[in-house]
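2 protein chains.
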Amino acid sequence: MSPRKNEKIQEIRDIRQHELKEAAIELFGTKGYAATKISDITNKAEQSHGLFYHYFKSKEDLYVKVILELLTVIIGTVDQAEEEHDSPLKQLEWLTEVTHSGSLRDGVHRHILIMQALYSDHLTQEVKEEIVGKYRFMVERIEHIIIRGQISGEFIEGDAEELAVYHLSLVHGLLLTNARKISPIKVSAEKVLRQLKRHPGQGDDQ
Amino acid sequence: MSPRKNEKIQEIRDIRQHELKEAAIELFGTKGYAATKISDITNKAEQSHGLFYHYFKSKEDLYVKVILELLTVIIGTVDQAEEEHDSPLKQLEWLTEVTHSGSLRDGVHRHILIMQALYSDHLTQEVKEEIVGKYRFMVERIEHIIIRGQISGEFIEGDAEELAVYHLSLVHGLLLTNARKISPIKVSAEKVLRQLKRHPGQGDDQ
DNA sequence: GTCTATAAAGGGATAGAC
DNA sequence: GTCTATCCCTTTATAGAC
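Keeping their order, the protein sequence lines are chains L and B.
Each residue of the first sequence is one higher than the last, beginning at 3 in the numbering used here.
Each residue of the second sequence is one higher than the last, beginning at 3 in the numbering used here.
In case anyone wonders, no lab produced these hints; they're calculated from the structure.
The reader is advised that the hints may include incorrect statements.
Note that identical chains are pooled: a pair holds if it fits in a single copy or bridges any two copies.
Straight-line distance between alpha carbons at most 25 Å, and here's what the computed DMTMM-like set of lysine to aspartate or glutamate pairs gives [what the hints assert, rightly or not]:
| hint | residue 1 | residue 2 |
| --- | --- | --- |
| 1 | 199 | 156 |
| 2 | 23 | 159 |
| 3 | 39 | 163 |
| 4 | 183 | 164 |
| 5 | 136 | 48 |
| 6 | 199 | 159 |
Just need the whole structure built from these sequences, with the hints factored in.
Here it is as structure tokens:
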């Protein structure tokens, strides 16, 4: 078998796996893990049922791989926010916008999926810990941005961890609210950051 | 059969049904609808598997009944907030506290369950509309409280519907964050209402 | 009203042909 | 690498005895 041939085969493998992952993200994110059937995933990815098991050991295998990849991407987004913007306020504004952007396919399902994963109880202890660890790391990064914002005077005073929880809870709550189409609103980063931003003119002892 | 006897039988029916509903609320709320087995419910309620079908037509039947009842209870809580407190700010503070109170069993699972129901897609159109209708009614009630708070000058200006969505999203996001035990915090109504409360001293043109 | 046993269906996973 | 057919376990739902 020529090296050229191997390359081609590897390319096909990558494409098929990617198709399944993309389908899975949307389905897991909307229906949840338990309610999503293998056949739902393969149908959406336009593959046969059997082929699934050529690429993933099991439904849970795919699930865990997808979650961990998404967490890595999200952490990468935090990196990007810190690289591309100077002020902590601008960093969180940009992050918030990115999180809510991409009409469905992009950011939203991915974040919803992470939330569900953190909340689910069907994973083994080890896997769960790996996921929680990555998530915690992300929260800590937000926390540090908030601390720098407090020092610069852009953000209100208070326990940074608690403020991070309030901020992320609002972001995630809005994602869920917009995911179901009941009272969808255009999320604005400025409005999200209302609860974190310092109001000039009061207690300005900087 | 004496009337006394019928009463007794009815009482047993009510108790059994209630036990199943309570168990279902906790399980649906933590594991989700699809992942919850009938046997999970009957085990928790300490009943036999078969008895379930003596009280409910199906798993979905129980689910729908529970959701609709919970929505009625939540709307009743909004009524209570308006009866027992005068100022819109106090009303929302009280509601927020009540929602996050009751260490697990009480409020929290119930609200999480509602959120999941609004977001799920396995229900028939009619049932879904009934649920969404009740939920919308609740959101409108919050909206009206916000409008009154804007008139009284307690709340910031802006589209009341949008403000209601931000408020409820934060409340729900915090419920979810606290439900998984990753970074649990003591939710304070005052902090939740930071994003809604007017800051004295700026634009005070009342 | 309550239980155990069983039927019926659904869906995850595998086998084997192409 | 891909597909169809099938296995088999899990879970919903029913039957029938007590």
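How the hints compare with the structure:
Taking identical chains as interchangeable, the C-alpha atoms of residue 199 and residue 156 lie at most 25 Å apart whether they share a chain (6 Å) or sit on different chains (19 Å). For the homomeric pair residue 23 and residue 159, neither the shortest alpha-carbon distance inside one copy (42 Å) nor that between copies (44 Å) is at most 25 Å. In this homomeric assembly, residue 39 and residue 163 never come within 25 Å of each other (Cα to Cα): the closest approach is 38 Å inside a single copy and 37 Å across copies. Only between protomers do residue 183 and residue 164 lie at most 25 Å apart by alpha-carbon distance; the minimum there is 14 Å, versus 29 Å within a single protomer.
With identical chains, the CA atoms of residue 136 and residue 48 are never at most 25 Å apart, being 32 Å at best within one copy and 38 Å at best between copies. Taking the closest pair of Cα atoms, residue 199 and residue 159 come within 25 Å of each other both inside a single copy (10 Å) and across two copies (17 Å).
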